[in-house]
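Colleague: Spelled out from the first residue to the last, the chains are:
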Amino acid sequence: MADKAGKGSAFPGGNDLGSLKGKSAAALKESHVEIELSDSDGEGFIETPLPSSKGKSSAEAKSGKKRVSFSSLKTSGNNLFNNSTAGDLGKSSNVGKAGGKGSLPQATPLEPLIAETQLKLELELPKGARLLMDCEAAEVLQDIHEHMTVLSQDPKIKMPESFSKAFQYSKVNDHYNNAKAVRQVLETLKLNAVTDGEICLMGNVCPENVDEVYALIPSLKGNIEKNEVALKDAIASLAKFRTPK
Amino acid sequence: MFFHITLERNMQLHPRHFGPHLRDKLVAKLMKDVEGTCSGRHGFVVAITGVEDIGKGLIREGTGFVTFPVKYQAVVFRPFKGEILEAVVTMVNKMGFFAEAGPVQIFVSNHLIPDDMEFQSGDMPNYTTSDGSVKIQKDSEVRLKIIGTRVDATEIFCIGTIKDDFLGVINDPGVTA
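From first to last, the protein sequence lines stand for chains A and B. Everything in the first sequence is counted per the numbering used here, starting at 1 for the first residue and increasing by one. Everything in the second sequence is counted per the numbering used here, starting at 1 for the first residue and increasing by one.
Chain A on its own, in the form it takes in the complex (with noise of 0.2 Å):
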């Protein structure tokens, strides 16, 4: 077990935060914890849109459109608090995942609801989490990967399968040169009403044009106004990060 003690190095006594690249030390102080339920959910495919008392486009609650948010993922104890503060689209509360009032929950057809769906990660997490985008997971993972490197030489210690298939993906996926500046590119985007999610997915996406970053993040657009000079400028700087194919 002394090998594992080379990971340790990774897991320092009393309160220090671990072994992650400094710039998430501070984020993380101030993290909320999450206690582990014992099994998860058994959720089914969401189809059933949710009212949303977090609606960011109030044009889009004006037109009474039904949205699907990522609120539906939550746990049904969640939902119950949900249901009892939503209300602002005037729907009925039929919540998928909390049904126990015994309606079914509505199937809605399927091309409106690809169309409609909206990219709201902040509804879903828990507050202290950060986003990482896979040039940065990279990063991360890779350190990770060559502390396991010296631990797999221990037949009784083996490599996780998600593990290799996640460092895999996210080296795949690891379209720039260096992820620090790129990410201090996109987070200029918080200026312009752009949230954590769009920016990490616009990160990942690696887009060539604002069409593009219109068309696969349709979120964005509520604010078109607002961000389309910025996302055409940084689109542009992280050209220069690109990593050439």
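Bear in mind the hints are in silico, worked out from the structure with no lab data behind them. Careful, some of the hints might be misleading.
[What the hints assert, rightly or not] Within a straight-line C-alpha distance of at most 25 Å, the following computed BS3-like cross-link-like pairs (lysine-lysine) qualify:
hint, chain 1, residue 1, chain 2, residue 2
1, B, LYS56, B, LYS32
2, B, LYS29, A, LYS165
3, B, LYS94, B, LYS135
4, B, LYS138, A, LYS171
5, B, LYS56, A, LYS165
6, B, LYS32, A, LYS165
[Claimed, not checked] To spell it out: a stretch of chain A is covered by chain B in this simulated footprint if at least three of its residues, at any positions, have a beta carbon under 8 Å from a beta carbon of chain B; those stretches are:
hint, stretch
7, 132 to 145
8, 161 to 168
9, 199 to 205
Computed from a prediction, not measured in an experiment: that's the story for all the values here. Glycine included, C-beta positions come from ideal geometry on N, C-alpha and C.
Assemble the complex: chain A is given as a structure, and chain B must be docked to it using the hints.
Modeller: Just chain B now, kept in the frame of chain A:
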């Protein structure tokens, strides 16, 4: 999408592990228990990056086990509806094709494949456009959008589409070979 989050877990340790290396044993057990697992809320726990705090142990009555609350940070991978992913095709059949993005499996139904692509059976089943310019077969890289997710005890399964703009084949293995 990858996340870096703080989680807490109650770890039980058998008295035989008590001693000067108690902390190391606890961390090792945590890694063994948690890495590679999947939860509905957080997705796949890809790797633990640090242990933030280990609380005081509570001895359970009747057994000698001690329960420690452990706070740790981990990289997790979880797909979301509306997310754009680049996945590798693993299987093609007339109902659609399966693809993998990291530890996540995604199925794209033939209803969500552009209408100009037809299924071609054979040794290497594939979807091909009428002019043969674009082909989706095993090991092709495709960009797709997640439109639904389902979580089992140990894995997350997604439904995707390539029927929108800027989605579809990125890399055809037949061309680059």
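Colleague: Determine for every hint whether it applies to the structure shown.
Modeller: Here's how the hints hold up against the structure:
1. B:LYS56 <-> B:LYS32: Roughly 21 Å between the alpha carbons, so the hint for B:LYS56 and B:LYS32 holds.
2. B:LYS29 <-> A:LYS165: 22 Å, holds
3. B:LYS94 <-> B:LYS135: 14 Å, holds
4. B:LYS138 <-> A:LYS171: 20 Å, holds
5. B:LYS56 <-> A:LYS165: 35 Å, violated
6. B:LYS32 <-> A:LYS165: The given pair, whose Cα atoms are some 17 Å apart, holds under the 25 Å limit.
7. 132 to 145: holds (count 8)
8. 161 to 168: n = 7 at 8 Å, threshold three: holds.
9. 199 to 205: Held - the stretch 199 to 205 of chain A has 4 residues with a Cβ nearer than 8 Å to chain B, which meets the minimum of three.
In this structure, the one hint that does not hold is number 5.
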